[in-house]
Amino acid sequence: MGEAEPENDGPRIAAEARDRVRFEEEALALADQVYRVARRLVSTREEAEDLVQDTYGRAFRSWRSYTPGTNLRAWLLRILTNLNLDRGRKVQRTPDMQPIEEGDYYLANKMAEAQGEQALDQDRVVEKLSQDSIVNALSSLPHDFRDTVVLVDIGEFSYADAAQILDIPIGTVMSRLHRGRRLLKQRLAEEAVS
Amino acid sequence: MSHGPCDACEELLQGYLDRELTDTEVSQAESHLDSCDYCRRRYRFEVSLRQYVQTTAAERMPPELMEKLTQLRSAGA
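Chains as they are written, first to last, in the numbering used here: chain A, 86 to 279; chain B, 13 to 89.
Hints are supplied without guarantee of correctness; some may be wrong.
[As the list claims (entries may be wrong)] Beta-carbon label-pair distances, calculated as ranges:
| hint | chain 1 | residue 1 | chain 2 | residue 2 | range |
| --- | --- | --- | --- | --- | --- |
| 1 | A | Val278 | B | Arg52 | 15 to 25 Å |
| 2 | B | Gln83 | A | Asp206 | 23 to 33 Å |
| 3 | B | Lys80 | A | Asp217 | 23 to 33 Å |
| 4 | B | Gln40 | A | Glu198 | 26 to 36 Å |
Please keep in mind that the hints were generated in silico from the structure rather than gathered at the bench. The C-beta atom is built at its ideal place from N, Cα and C for all residues, glycine as well.
Based on the sequences and whatever the hints tell you, model everything.
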């Protein structure tokens with residue numbers, strides 16, 4: 086028995102080592118995409134780097150809990166958003182306290198009112214909104230809204246994936262997304278028509 | 013003045029933009045976009061805004077971070 090065991094375990098251990106290497110390679114191939122999302126969830130580059138490192142540290146330790154064939158990027162982002170919450174991010178205004186009266190077309194309508202319908206052409210959008218204004222408007226969103234907007238609009242996750250990552254119902258994803266985008270457009274409108 | 017004739021369509025078009033509508037809703041959205049100049053313009057605006065936000069907000073990962081992540085891997089192996 087004592088001699089037979091290592092011999093029987095050999096193939097299993099080798100297979101597990103291969104699985105692990107494959108997992109690590111697949112996870113590392115997604116690092117840039119994971120970082121892009123992380124960078125917009127937190128305020129500074131340093132925080133984003135720490136968060137991504139902690140995420141990969143945890144992912145590499147708990148790789149066995151990942152089910153091969155499922156969405157690895159969503160699995161990594163789930164770890165990341167949980168770690169971000171654990172870090173006790175700063176408390177902001179409660180999102181629901183803010184009335185959001187303006188609709189989805191608010192920014193478009195404001196620009197059209199100020200400069201005519203041609204203001205809605207693609208090159209005019211780029212001309213009117215600076216990179217800084219977009220980054221600042223995103224980071225000014227209340228956290229719950231920002232998480233959802235960043236996952237769907239920057240991470241290009243589906244509503245279902247975002248719901249799984251944030252562990253909230255899909256209806257909540259939709260309402261936060263909706264309100265978050267409206268807020269974003271209100272803030273951008275302040276610059277675009279000033 | 014800021015409200016257009018199609019406030020009711022706004023939500024449908026957000027879902028359309030996100031490719032999250034049912035087949036029936038997709039046909040509804042598309043036939044509306046075909047017939048409504050106001051919404052079509054705003055829909056195009058939303059598409060270009062989304063693309064612009066996406067490219068503007070994207071910041072590449074610093075190369076040193078990739079090295080650190082790779083080290084985490086070999087340390088654990």
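| Given a hinted range of 15 to 25 Å, is it respected by the beta-carbon distance of valine 278/A and arginine 52/B? | 22 Å, holds
| Holds or violated: 26 to 36 Å for the Cβ distance of glutamine 40/B and glutamate 198/A? | 28 Å, holds
| That 23 to 33 Å hint for lysine 80/B and aspartate 217/A (C-beta), does it hold up? | The hinted range 23 to 33 Å holds for lysine 80/B and aspartate 217/A, with Cβ atoms some 28 Å apart.
| request: May I ask you to test the hint 23 to 33 Å on the CB atoms belonging to glutamine 83/B and aspartate 206/A? | output: 48 Å, violated
In the structure shown, a violation is registered for the earlier hint numbered 2 alone.
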